[in-house]
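Could you put together the complete structure from these sequences and hints?
Chains G and U, in that order, give the protein sequences. When you number the first sequence by my numbering, it's gap-free, plus one each residue, and the end is 629. When you number the second sequence by my numbering, it's gap-free, plus one each residue, and the end is 302.
Warning: the hint list may mix true and false statements.
[What the hints assert, rightly or not] Restraint-style ranges between C-beta atoms, simulated for each label pair:
id, chain 1, residue 1, chain 2, residue 2, range
1, G, V56, U, G155, 33 to 43 Å
2, U, P126, G, K120, 50 to 60 Å
3, G, D532, U, M128, 52 to 62 Å
[Unchecked claim] Distance condition first, Cα-Cα at most 25 Å in a straight line; then the derived BS3-like pairs of lysine-lysine:
id, chain 1, residue 1, chain 2, residue 2
4, G, K481, U, K265
5, G, K479, U, K264
6, G, K479, U, K265
7, G, K475, U, K117
8, G, K481, U, K117
9, G, K282, G, K314
10, G, K510, U, K116
Treat the hints as calculated values from the structure; they're not laboratory data. None of these values were measured; they are calculated from a predicted model. All residues carry an ideal CB built from backbone N, CA and C; glycine is no exception.
So the chains spell out like this:
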Amino acid sequence: METQRIDGPGNVEDRSEIGQLNSGTNLGNRYLIQEVIGVGGMGSVYRARDLHFPNVVKLVAVKEMINQAPDPLVRQTIVQNFEREANILATLSHPSIPRIYDYFTLDNRSYLVLEFVNGKDLEVILSQSEGHIAEEQVLAWGIELCDVLAFLHGHKPDPIVFRDMKPSNVMINQHNHIVLVDFGIAKSFQSGQKGTMIGTEGYSPPEQYRGEATAQADIYALGATLHHLLTRRDPRLEPPFSFAERPIRKMNPNVSMEFETVVNTALQYNAEDRYKTIEDFKEALVNVGRKTGLLNRINISSPTSKSVLNNDIKPVWAFQCEDELRGTPVLHNGVVYIGCYDNNLYALSASSGEFQWKYPADGGIVSRPAVYDDAIYFGSEDHRLHAVSIRTGKLVWSYYTEGRIRSSPRISDNHVFFGSDDTCLHAVNIATNREAWKAETGSEVRSSPFIVNEMIYFGNEIGDFFALDYRGNIKWRFKAKRSITSSPCVYDNVVYFTSMDSHLYALDAKSGWLIWRFRMDKPSIVSPAAVDNLVIAGSADGHIYAVDVKAAREVWRFKTEHQVNGSPVIYKDCVYCGSVDGYLYCIEYKTGRLRWKFETKGPITGTPLVYDEIVYVGSHDHFIYALLA
Amino acid sequence: MLKFIKKIFGRNQQTAQQALDNVVTAPLSDAQLQSIRTITVNHYEPPQFLVTSAQSVGRQRELNEDSLFTLSTTIAGHSSNAPFGLFIIADGMGGHQYGEIASNTALRVISGYILKKFHNSLFNIPSMPVEESLQEVMSAAIMEAQRVILNEAPGSGTTVTAALVLGQQLTIGHVGDSRAYLLYNDQRIDAITRDHSLVRRLEELGQITAAEAAVHPQRNVLYRALGQGETLDPDLSTVPFPVGSYLLICSDGLWGVVPDDEIKKIIFEAPTLQRACQNLVSAANAAGGPDNISAILVQSLG
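Here you go:
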């Protein structure tokens, strides 16, 4: 059934479906409602014209509060409290507090008529701004807020606690000065029933939840407001009292250390650890301005602590090849094997780096070899898979594909599995040196297969990802938007890989269902590594990322100076990963803190190998290095 | 002989080489071994979910503001899918207008949204893959419920804990203080959701103990709920749901009065899944039944 409006315009009780006054309503025979300018928990705020001034347009803000208490006695008390507080507010005279012109109650609604502030509140300003708000601007607003809070806290006979400091309650007027717009006056309209939400989740201090509202609470909430303004991280989206977990300078490195320290002090969990008074808070903010010169708009950037973290790391040994090392080493029986772009596979003593032998292929070697029994297996740009005796360094047999081999061989159940630019994944029987089967995928396979539970996982260059069984049948297939050059890893029945479409993917290993995808800033060819419910990968955006495997949230990211194309490896409590900036980074995987870095003279695009406290890594500077882990 | 020794030696090296991949292993406990044996023996085809639920208004409320939803499908045969399950509990906020409407709306919007997304994958020929990830679908469903509640029942609020299960992957979307638990074969019980409640937060910060939290006057205060506040950031996570284990989703009417250990005891000692679920609700009522009680119990067979 269609409902029809029966009450005409101009009626005092002319309300929209959700109970708001319609524009054109004449409220209390004096205020002509123009439009809704805000919605609060208790009712709406309107812009209205005061009709007592017929010859000029005098705009006011009308705040409506709906009395929802069912008990008449309670309702009466609420109205009395409202009027008492309105009386107090009406006596306040401060440039940052809107003047109160009038208040009245009609039926179950009470109205407060205030000075209309032409401007935007800080929440709107935050949401409309791109990037961070300038530090000096936040500082200037902070000092003004301290001033007005000091005025309230110093009120006689009783101090006034604002109780609801947050960005949406602070207006910035046309002259870039702050105005506090929402006083705790509305608080008495809030019901305190079971299951209610916290008033202003995110900005209030812990003691406010014990029912205490003191000047200390305003100090905390102002700290929370400044934190939000500086970091753009909305505390209402975070667990309560978790500011310490979001250090300001981590979110916004442009903020000075001094400012961060002051805000942190205001945000202390225990009220006695914060500034004693709002005046102390203001003085600290003014000092930040003096020290940093921010108040003179002289932007002195804080001294960056140049990392003294070793350039003094000495390799255990280093061995020079004749061309770039793009591949990944493997260690077997005290010997390190690594392929080189000079076409050779090198065998070096793991302890001393002493040359044992080299085997020349007819093309560069960019993959990671695999050792099985007495032979080492690797593919080359020369289209061949080579099986070379590890004792003599002589070819035992080789296997031809129709394209270059960049995928690393994996050995399982007497077969060697690898991809080729001939678009196939090959399974070669080691005993017979013959093809067992090959699976055509439609594009080059440069991803190295991961084998677990008799399943073979890999991607190809048109972005298809495959799960094959041991006979080469497709169990499932998944499409990414761009090529998958990275090699997958399977952890807890979930397969992880990255793609040139900039995502890190998590798929159910059994069915191929996409569980989550994590967006990085640029494409990736980095093969992820997983440990302790973290999956670690990197991207051409220069970062190494650690992502929580359950919630798909970034736990940390580490910035290198260039693209990250090499893959990370985990050893003990650290992740080791190279970057095109030439450094090998050793990072604590739980925290993302740098433990050390080692500089080579060329990009590192291979994966390091860590074994027995030694890291082995090849660089485009032609060297393979052995470093203490 | 030399060859023989070498062969042994070579094998040893193979084991050593495993260490290069940093595989960390630890011996399994007896209970874990036992559970593996049990499962291996009782291999069940096709894999499926055994589902049951129970609800009670409790002993002190007149109105039931909880809502629950269960759906489980098995498609087995030539073209088989992993079993699909969707289980949701929403607990409307007391003291707010229309708590029961909010919880019911949340349930219908979320289940409707997810089933629409999966319809072409589960029931179409040819099966069309879902474009978004499981977590993206879950997140979008919850945001849609938030939008609808803000429009249709402004001022109301509800918790929601939704579990989307595909085979052995359990994806949880969660807001508020209803809970999901996993109970493993070796008799471990894990809460896999985190309450968005003030007391839970104070507890995490070490400000109050679990015992204090259980009797705290503000233990019902939430800092995140559907329909409340302009912003919403649901918790999303995906965890393995191993064969043989149980998933329990419940409102605080159950976990608020029945301790985890007792929940575990009731589930593992009951003769059937249905009885276990009924016994959980009875235990909450026996403890005073101060709030509405809802429980969904799922076992993964395979």
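List of violated hint numbers, smallest to largest
Numbers 3, 4, 5, 6, 9 - these are the hints that the structure violates, sorted from lowest upward.
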